[in-house]
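Visitor: Sequence:
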Amino acid sequence: MGPGASPEGWPLDDRGVAYGDGLFETVLLRDGAPQLWAYHLARLARGCRVLGMPMPTQHDLERPLAQAGEGLAVLKLILTRGSGGRGYAPPAAPDPRLRWQLSPFVPDAARWKAGVRVRLCRLRLGLQPALAGLKHLNRLENVLARSEWSGADTAEGLLCDSEDRLVEATCMNLFWQRGGRLETPRLDRCGVAGTLRAVLLERLPIAEVDAAPGVLASAEAVWLGNSVQGLWPVTRLDGPEGEARQRWTIGAVHRRLQAVAHAPLGHPTRLDD
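Numbering (my numbering), first residue to last: 9 to 281.
Check the hints yourself; a few may be wrong.
What the hints assert, rightly or not - Derived BS3-like pairs (lysine-lysine); straight-line CA-CA distance at most 30 Å: (1) K121 with K143; (2) K84 with K143; (3) K84 with K121.
Just so you know, these hints were derived from the structure itself, not from any lab.
Given the structure is predicted, the values throughout are model-derived calculations rather than measurements.
Whole structure, please, built from the sequences with the hints as guidance.
Guide: Have a look at this one:
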C-alpha cells in the first residue's frame, strides 16, 4: 500500500477487482485544493448514473483532502459497485466501495516547453456508446496500446476506434488546429471525456469532429492534455513502427492554448521565458 493510501484492502469478491465494475478519478491537488473539482464530481456522478450506482457523499469524497500537504499531489479515487450479486448480475442494492491514494506529483516542465513525440498505435478501440466518455475501470485497451512502445523518446500513443477515427491518446485527450480552427475528436462512441477537455470546450470555440489520422497532416498545431499534466505541444508524429510522419515547430499558437488550459490548473501560463 503506497503512501497516503486509504487503509482498507480489496476483497476478492469486489466487483471492481473481478469485473472492472466501477469508476475512477485522478485529481490534481495544489496545496490540498482539488483542481477542476466540480468537473471531476460531475463526471463521476454521470458514471454512477450510467452504471446504476449510488454517488458517494461529498464528505466521503473530500475526506482524503485533509491528508494532503503543501505543494502538488495527485489524488486517485476508485469507486466500485462493492461486493455481491451472482456472476455478472449486479446486486439489487449495491453497497459501493470507495478507496483512494495520494501521491506526490512533479509536472514534466520540459514537455510543456519543448513539446513531445507521439506515435499512432496499432490497437483500435471498440465502440460502446453506453460507456463513451466515462472514466470506468475497464482500461485493458489502454494497457495494450501503451505496451506497443517502451522508449522514453515517445511520450504518448494516439488511438483510433475500430472505424479508423481518431479518439484520444492512451491517457490524454487530443486537440489540433487546422485552417485556424481548433478541433478535438468526438467522444460519443468510446474514449474518456477529460475534465480539462470539458473546460476548454466551455471556454473556446473547439469543434468536436469525426476525423481519420490523416487530418493531422494538414494541422498547424497539435496538443495532448489532461487535468494533471496540463497541455503538451506535439512536435513529431510517428507511425506504428516508429517512422516519422509529421513534424511541427512550436509557436505562438501552441502557447495561446497552453495559457488557457494551464490557468485553471495553476500551471505556468507563460512558457517562453
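Visitor: Does each hint hold? Answer for all of them.
Guide: Evaluated hints:
1. Only pairs whose Cα atoms come within 30 Å are accepted, and K121 paired with K143 is accepted, the gap being roughly 28 Å.
2. Restraint check for K84 and K143: the C-alpha separation of about 12 Å stays at or below 30 Å, so the hint holds.
3. For the hint linking K84 to K121, the alpha-carbon distance of about 27 Å falls within 30 Å, and the restraint holds.
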